[in-house]
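Asks: Sequence:
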Amino acid sequence: MKKIIAAVAVLAISSLTAFALDITVGARGNLNLGFGTCLVEDYKESAQTLKDMASGGGTWDEGGNTGGGFGLYANFGLLELGGGSLGIQPEIIMNFNNGYNYMIQIGTTKLERSFYKTTIDIPLLVTFTYPVMDTFSVGGGIGPYFSIPVMIDSQRKITSSPTTKESDNYTMKSGMNFGLAFDVNGAYKVGPGDIVLDLRYMLDFNPTTVTRIDKSTGITVEDNDNLFKRGIFTIGLGYQIKF
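Heads up, the working numbering is the position in the sequence shown plus 7, with the first residue counted as 1.
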């Protein structure tokens, strides 16, 4: 499947290159904030139970993870429109520490649970870029992406004074996901290219679904286990050059 996707991508990029008015290539680093990430199904119900327990005199905290990443992209300008440029922008992004965590503390007992996910995300955006002046332009884009999991992990830590217990007994496997990306950006000319500030929101269509395998026995203990649905706000800073 991955080889087929790669072959289709190469063919599509070759076709775009042949018809493009101009081509811009760039690299970007990302700060990812999981504002829209949330637990789903059984884990959502479990979290609500813990919240109710905390309301009786404990402490509760939850939220999407803060992560990061880096990516490469190429924008193919295809059509001059209204003083701007309409284009297609394929990308490949490595995103680290997508996920969710929660914590409850009652008295001297504290439970912390964290889910971590590293992905290769491949968006294909329809973009529009408008030159505000010779040295500055603004733009935006929207389009689908598919997400390939590289690593997914779950960690639980229970601290009960004066002892500490930790457990991480499962290997977790997850399938590919799909989603939609929304992007706005500004580019300022410096040297031969532009410094680009990029703001983006990425929302998975489906929850992260995993198979849990016991590390000690190799036996599958849970299949099709839905953990969380990813929604991340991304702040990117990069540099691009137009050819």
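What the hints contain is simulated information worked out from the structure, not anything from laboratory work. Don't take every hint at face value.
Claimed, not checked - Listed next, the in silico DSSO-like pairs over lysine-lysine satisfying Cα-Cα at most 27 Å (straight line): (1) Lys164 <-> Lys222; (2) Lys164 <-> Lys180; (3) Lys222 <-> Lys180.
Unchecked claim - Simulated restraints, written as ranges between beta carbons of each label pair: (4) Ile113 <-> Gln162: 18 to 28 Å; (5) Ala34 <-> Pro138: 32 to 42 Å; (6) Gln55 <-> Thr116: 11 to 21 Å; (7) Gln55 <-> Glu87: 52 to 62 Å; (8) Leu28 <-> Gly225: 20 to 30 Å; (9) Pro138 <-> Ile113: 35 to 45 Å; (10) Lys249 <-> Thr224: 54 to 64 Å.
By construction, the Cβ of each residue, glycine as well, lies at the ideal position given by its N, Cα and C atoms.
Asks: For each hint, tell me whether it holds in the structure or not.
Replies: Hints versus structure:
Between lysine 164 and lysine 222 the alpha-carbon distance is near 17 Å, which keeps this suggested pair within the 27 Å criterion. Note on lysine 164 and lysine 180: the hinted pairing holds, with a Cα-Cα distance of about 21 Å set against a maximum of 27 Å. Between lysine 222 and lysine 180, the direct Cα distance comes to roughly 12 Å. Compliance with the 27 Å bound is thereby established for this hinted pair. The hint said 18 to 28 Å for the Cβ distance between isoleucine 113 and glutamine 162, and at roughly 20 Å that hint holds.
Judged by the Cβ atoms, the range 32 to 42 Å given for alanine 34 and proline 138 is violated: they are separated by roughly 22 Å. For the hinted restraint 11 to 21 Å between glutamine 55 and threonine 116, the CB-CB distance of approximately 19 Å keeps it satisfied. The hinted range of 52 to 62 Å is satisfied by glutamine 55 and glutamate 87, whose Cβ atoms lie roughly 53 Å apart. Between leucine 28 and glycine 225, the C-beta spacing of about 55 Å breaks the proposed range 20 to 30 Å.
Hint check: proline 138 to isoleucine 113, Cβ distance near 58 Å, so the stated range 35 to 45 Å is violated. Remark: the range hint 54 to 64 Å for lysine 249 to threonine 224 is upheld by a beta-carbon distance near 56 Å.
In this structure, the earlier hints numbered 5, 8 and 9 are contradicted, and the remaining ones agree with it.
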